[in-house]
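**Student:** So the chains spell out like this:
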Amino acid sequence: MQLVSAAVDFKSEVRPIFEEHCYRCHGAKKQKSSLRLDVREAALEGGEYYKPNIAPGKAGESNLIEFVTGKHEEGRMPPKGEGLSSEEIATLTAWINEGAVWPEGIDEVQLEDRTDHWSFKPLKVFKTGRSLDSFIIAELREHGLTMSDEAGRVTWLRRVYFDLIGLPPAPETVDAFLSDTRDDAHARVVDDLLDSHRYGERWAQHWLDVVRYADTHGFEVNTPRPNAWPYRDYVIEAFNHDIPFDQFIREQLAGDRMGKDAATGFLVTAARLLPGQIGQDDASKRLARQDELGEIVINTSEAFLGLSVGCARCHNHKFDAITAKDYYSLQAFFSGVSYGDRPMRTTEGEENRQEVEKLAESIRGIDQSLAGLVPLARSGTMRPAVSAKLNVERFPPVTTRKVRFTIRKANQYEPCIDELEVFDTGGKNVALSTSGAVATASGSNVAVNRHELHFVNDGKFGNERSWMCSAGEGWVMIEFPHEQTIERIVWGRDRQGKYADRLALDYLIEVADEAGKWHLVADSSDRYKQEEGGPSALNGFSPEQADKAKVLLNKKTSSEARIRELEAKRLVFGGAFGKPEAVHLLNRGDAEQPLEEVAPAVLSAFGDISLAKDAPESERRAVLADWIASPDHPLTARVAINRIWQGHFGIGFVETSNDFGRAGAKPTHPELLDWLATEFIRSGWSIKEMHRLITLSETYRQSGLINADAQGKDADVRLLWRFPSRRLEAEALRDSILAVAGQLNLKTGGPGFDLFKSRGGLSGFPPVESFAGEGLRRMIYAHKIRMEPDSIFGAFDCPDAGQSVSRRRQSTTPIQALNLFNSQFVIDCAENLAKRVKFEAGEDLNACLRRAYKLSLAREPSDDEIADALPVVREHGLAALCRALMNSNEFLFIP
Amino acid sequence: MNYLSEHLSPGGRHLLDRRNFLSNSATALSSIALTSLLSRENLLGVQHPIIDPTRPYAPRPPHFAPKAKNVVVIFCAGAVSQLETWDYKPELIKQDGKPLKGGPAVTFQGPAGNLARPQYEFLPRGETGKMVSEMIPHLAKQTDDFAFIHSLTSKTNTHGPAENFLSTGFVQDGFPSMGGWVSYALGTENQNLPAFVSIPDPRGVPQASVNNWGPGFLPAEFQGTTFSASKPVRHLSPPAGITPGKDHATRSLLQRMNARHLEQNPGDGKLAARIASYELAARMQLSVPEIGDLSSEPAHILKSYGADDPSNPTKAGFAKNCILARRLIERGVRFVQLFNGAYASGGKLNWDGHSKLKEQYDVHAEILDQPAAAMIEDMRQRGLLEDTLVVWCTEFGRMPMFQKGARGRDHNPDGFTCWMTGAGVKPGVSHGVTDELGRKAIQDIHPLYDFNATILHLLGLDHENLTYYHNGINRRLTNVEGHLIREVLA
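The listed protein sequences correspond, in order, to chains A and B. Start counting the first sequence at 0; every next residue gets the next number (numbering that gives the first Met the number 0). Start counting the second sequence at 0; every next residue gets the next number (numbering that gives the first Met the number 0).
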């Protein structure tokens with residue numbers, strides 16, 4: 000007979016240990032590091048990083064034992080308190096070595112299958128013959144509700160105008176519609192609106208909210224992103240041309256393969272740190288790169304799939320079937336994308352590029368001719384005094400590898416040079432760092448993004464890109480990669496002409512010979528002193544040469560302006576595409592803790608499409624786009640149609656339109672959502688077809704009036720027993736005020752207009768108070784400053800382009816009231832409306848009142864309203880009435 | 000049974016537009032539905048403030064009995080050096096001029112130079128004998144009342160993201176600010192003033208600008224209102240040319256228009272809320288200029304703050320902002336953010352002392368010290384500190400080395416000091432330790448999440464329970480982190 004100790008019993012001996020020490024963090028409520036110890040399968044497998052947790056029969060290979068004994072590299076578990084007693088550890092060890100017997104059916108909960116979720120399943124198939132309204136009516140009936148009566152014709156007209164184009168109907172349009180007795184009068188209105196360019200300007204904004212479009216880079220410096228707008232225009236045009244939505248997806252992810260370069264602006268809409276704002280240490284650089292890539296993953300997954308994949312950057316998703324590995328596999332599709340401008344390869348772009356080259360060539364010629372007019376240095380002729388803006392030093396050609404500029408005295412403080420250009424005999428600037436020249440200096444005062452040594456030869460002018468010496472005297476030197484024959488040096492303190500301090504007055508320019516000996520080529524000794532006056536210096540010319548020079552300079556200035564204009568049309572901030580970086584799974588999302596390398600692969604819950612780790616860059620994005628844009632993808636069409644529905648009704652079937660995961664809201668009408676998604680795909684992914692279907696439906700044509708009974712059953716109108724009225728969004732409100740005032744400028748496309756007098760820095764963003772010209776364009780064409788709200792309409796829940804806005808809130812604040820009632824903008828618009836009314840209605844006050852109501856509210860005022868307003872108008876003028884109308888609830892609400 | 004209460008999803012909870020829900024409920028919603036909804040939320044362990052759309056700033060109950068009802072946050076932009084102020088490092092004096100062994104060769108701006116001693120002398124202060132530098136003599140006198148946390152860390156070494164992190168708990172742009180969270184949770188006592196006021200420095204806006212007081216994805220009601228003693232609330236009054244009579248007549252006409260419209264659209268809470276917002280705006284038009292008018296402040300008060308100092312207009316400007324902050328707290332404003340220091344400027348206009356730290360800090364300290372100290376003392380004498388928490392903070396600290404070729408310190412997010420005083424704070428505490436040179440926190444390390452969690456706790460708010468659903472997750476001020484720093488609690 001053999002003596003054996005009784006086997007360790009899980010229920011009476013092991014589980015109590017887990018309960019006491021572990022379940023607080025690794026049980027039903029919380030699963031830190033995705034580890035749970037209350038379900039057999041999960042407890043054995045382990046958490047996100049360390050597997051297996053329990054290896055039956057092998058306590059030595061079980062992470063659990065390493066953790067409880069404190070031998071694990073991550074430290075002891077539990078992290079606080081005394082920890083497990085040695086008896087408890089012995090019990091666990093013995094239990095594992097005996098085979099970790101964990102009886103079936105003993106667990107109080109079961110692991111849920113996270114892929115078992117409504118939106119992950121295929122679209123439901125329907126019999127033919129269903130209509131949109133039939134779904135709504137059925138659901139209402141279920142809750143003892145019915146649809147409201149049809150809204151009045153004018154109400155529907157105003158509704159569909161605000162909805163589709165974001166502007167009110169003109170009085171003539173209202174009258175024409177009221178007298179149109181044809182059966183398809185409504186359909187004709189919808190068609191007209193969808194054909195209008197105004198439509199894209201309205202609906203593009205919904206998409207730009209989601210992708211957080213802005214014209215600045217964000218963060219502390221928030222500098223302009225001057226070539227972002229082609230993407231904004233692309234989106235407007237895509238809506239106007241009813242680009243099939245699946246193609247819209249493909250173009251935004253891989254438009255560079257489809258001749259749609261501007262579309263890939265989608266990839267890089269997020270805020271980013273510019274290189275100067277990122278720490279010079281490597282860890283900071285790696286973190287910044289991870290942040291950039293993270294934003295692309297967030298944009299793609301939220302906008303197209305309605306999934307918050309970004310949540311899985313540090314840990315497996317808390318709610319959804321998305322692992323950290325999924326996150327990095329998705330990131331790998333984008334690992335060759337960096338934030339930057341890219342030339343647009345359109346026919347027009349190519350023509351522009353050629354013209355730019357020609358102009359640049361002619362500017363080089365002009366510079367050569369101009370140089371010939373400048374007196375030679377050290378020739379005996381006195382030269383003009385040093386200018387803060389620009390100085391030319393001409394000397395006989397000399398061959399060298401090094402040029403040194405030594406400053407012996409400045410007018411004030413430490414001297415500063417914004418750019419040092421060295422021209423060869425062919426007129427080419429050979430000092431540029433892009434041609435391999437390197438700058439060194441005796442010492443430099445550094446102010447990041449303003450004064451840095453490498454700014455002295457970066458080809459950019461102005462104080463913001465300049466070198467500052469570390470002392471009152473010193474030198475800066477340019478070394479070329481190989482010998483150059485040079486004949487001219489051009490330098491300045493600030494070519495933008497804002498600064499004249501820190502100007503070198505006493506200086507030497509020398510070149511080194513092969514032996515390293517320095518030879519003087521120019522200095523300040525033959526220049527007039529500033530206080531002596533001397534000949535006026537037009538950019539360094541003697542007065543007799545200045546006239547000739549003026550002609551050349553004018554030509555140069557106009558060529559440069561044309562280049563800027565062409566360049567602006569040529570580039571889009573659409574991401575630069577390079578060789579993909581290796582992507583690693585990162586422990587807890589920490590760029591300093593890379594784990595295994597991962598290949599591009601789609602979310603594992605949806606299939607196994609993947610690419611090799613060395614797959615070419617653009618193929619990656621194309622493969623991802625094909626996967627997302629497939630009619631078989633359960634999420635894509637659902638997420639899209641939900642956004643369209645939300646655009647019409649203010650809220651989608653799924654309220655959380657960026658989140659179709661398990662933490663998101665459930666759909667109010669799952670069947671209608673699927674039916675519409677199917678119709679959407681069947682229509683060739685035509686958004687305009689969906690607009691027609693929806694705006695002509697009975698559901699949409701209902702009255703918005705509240706009835707108390709239905710209100711009691713469904714206060715939030717989620718079942719659509721009436722049309723849910725809502726406040727106009729910020730842009731539609733500003734546009735409508737301008738339209739009514741007769742001031743709206745309908746210029747389309749191109750760089751944005753300014754809402755602010757200056758852009759950033761110490762003074763922040765002081766707002767423009769009174770607008771004219773470009774400032775009266777539709778608000779979607781404003782130069783959108785990230786995080787900085789427009790001083791009037793920003794308060795109306797206008798997105799800040801920080802995080803994605805999936806649905807606009809409808810806040811009501813006293814600041815909104817102050818802005819709308821007291822801003823110069825609204826006062827100006829009220830004055831303009833008053834003028835317009837007088838012009839159109841004449842001097843009769845009653846007629847004026849009626850016209851003001853008709854223009855702003857599309858209806859005649861009642862007798863009561865006239866009686867109420869007349870005394871105010873008599874005493875204070877029509878503008879007072881107009882100001883009140885523009886502030887009224889009736890004006891602000893989509894009826 | 001209300002339709003809504005059946006359709007609560009695990010994460011959806013208060014997504015149902017609560018404001019609509021409750022306002023419309025006035026007409027007919029059954030209390031059973033409401034009870035069901037609320038109990039469901041409690042099961043999920045989440046408590047959401049219930050916001051009346053016509054009174055978005057109405058006071059709301061905290062999660063538990065608070066120690067403090069209001070907060071003043073003195074926000075020193077640009078990263079104040081812990082080594083020149085509150086974190087005394089005698090070893091750094093000894094090692095002055097030597098290289099830091101094992102230290103980083105490259106820091107934020109570039110190559111690191113040698114260790115540099117604190118640029119100010121340190122003296123023992125008060126009964127605790129806490130060593131504090133001579134840079135801030137007025138604040139130093141009060142150190143017996145402060146609770147210091149010397150071991151804070153940030154997630155980034157760039158100013159903008161770091162200010163975001165301090166104010167919002169995230170380095171990215173676009174998350175709700177602490178003041179936004181607090182006014183969302185608690186509303187405010189005074190219905191004629193905003194719940195959250197952000198007072199900019201006289202020298203300009205801070206690096207992360209509006210991120211520091213923005214609502215992020217919270218409703219726009221909870222954005223900070225910015226004004227200072229010299230800069231009024233924008234659009235508070237109509238432009239010149241609109242006479243008071245005309246203004247009044249227009250306002251009443253608008254009121255009648257809206258009333259008529261509401262009659263024709265009965266039961267619509269959104270319309271009623273807009274009408275109410277014009278009424279609150281009108282009250283603000285009266286109360287805001289009154290509170291910003293410091294002419295009623297006696298001469299000795301102006302003098303004690305340094306607000307009467309004609310030789311230093313920036314200091315006088317900041318001092319007036321300090322008086323304004325006290326007046327706002329006196330009138331029950333929930334959250335006041337008081338900026339000291341502006342935008343990146345090579346350290347000229349804020350605490351970013353990269354190149355000439357000593358001469359720049361001489362200037363900045365003069366502006367900060369007397370006014371801030373006088374404000375705290377004034378509030379103490381008036382008994383305001385019984386209910387008010389005062390927080391002093393900065394986005395990160397600075398390196399013990401000078402930068403190569405410069406006489407200033409680079410960014411250091413690995414160990415820096417902030418402090419708090421007033422309601423609920425244990426006086427005279429110094430918690431957490433950095434290494435002997437002040438390079439990194441080594442004991443009781445607290446990411447800023449912990450600091451923010453502690454501030455919320457003092458206001459009676461559980462940082463894990465103050466949430467708002469956004470794009471897939473219930474967001475918090477503390478992300479998924481945060482532990483109370485109990486050692487600083489009274």
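Hints listed in this document are in silico derivations from the structure and should not be mistaken for laboratory results. A quick note: this is a predicted structure, and the numbers were derived from the prediction, not measured. Any given hint could turn out to be false.
[Unchecked claim] Just the calculated beta-carbon pair ranges, DEER-fashion:
(1) B:Gly244 with A:Asn845: 21 to 31 Å
(2) A:Pro78 with B:Asp95: 34 to 44 Å
(3) A:Lys756 with B:Gly244: 25 to 35 Å
(4) A:Ser85 with B:Glu486: 29 to 39 Å
(5) B:Thr242 with A:Lys528: 29 to 39 Å
(6) A:Ala169 with B:Thr242: 25 to 35 Å
(7) B:Pro58 with A:Ala27: 35 to 45 Å
(8) A:Pro78 with B:Asn464: 49 to 59 Å
(9) A:Pro78 with B:Thr127: 52 to 62 Å
(10) A:Arg75 with B:Pro110: 37 to 47 Å
(11) B:Ser310 with A:Lys79: 52 to 62 Å
(12) B:Glu486 with A:His71: 20 to 30 Å
(13) A:Asp708 with B:Glu486: 50 to 60 Å
(14) A:Asn448 with B:Thr242: 40 to 50 Å
Where is the CB? At the ideal position from N, CA and C, for every residue including glycine.
**Student:** Determine for every hint whether it applies to the structure shown.
**Tutor:** Verification of the supplied hints:
1. B:Gly244 with A:Asn845: 21 to 31 Å: For A:Asn845 against B:Gly244, whose Cβ atoms are near 23 Å apart, the range 21 to 31 Å holds.
2. A:Pro78 with B:Asp95: 34 to 44 Å: holds (39 Å)
3. A:Lys756 with B:Gly244: 25 to 35 Å: holds (32 Å)
4. A:Ser85 with B:Glu486: 29 to 39 Å: The hinted range 29 to 39 Å holds for A:Ser85 and B:Glu486, with Cβ atoms some 32 Å apart.
5. B:Thr242 with A:Lys528: 29 to 39 Å: violated (60 Å)
6. A:Ala169 with B:Thr242: 25 to 35 Å: holds (33 Å)
7. B:Pro58 with A:Ala27: 35 to 45 Å: holds (37 Å)
8. A:Pro78 with B:Asn464: 49 to 59 Å: violated (23 Å)
9. A:Pro78 with B:Thr127: 52 to 62 Å: Since the Cβ atoms of A:Pro78 and B:Thr127 sit about 32 Å apart, the hinted range of 52 to 62 Å is violated.
10. A:Arg75 with B:Pro110: 37 to 47 Å: holds (40 Å)
11. B:Ser310 with A:Lys79: 52 to 62 Å: For A:Lys79 against B:Ser310, whose Cβ atoms are near 55 Å apart, the range 52 to 62 Å holds.
12. B:Glu486 with A:His71: 20 to 30 Å: holds (28 Å)
13. A:Asp708 with B:Glu486: 50 to 60 Å: holds (58 Å)
14. A:Asn448 with B:Thr242: 40 to 50 Å: Given range 40 to 50 Å: holds, Cβ gap about 48 Å.
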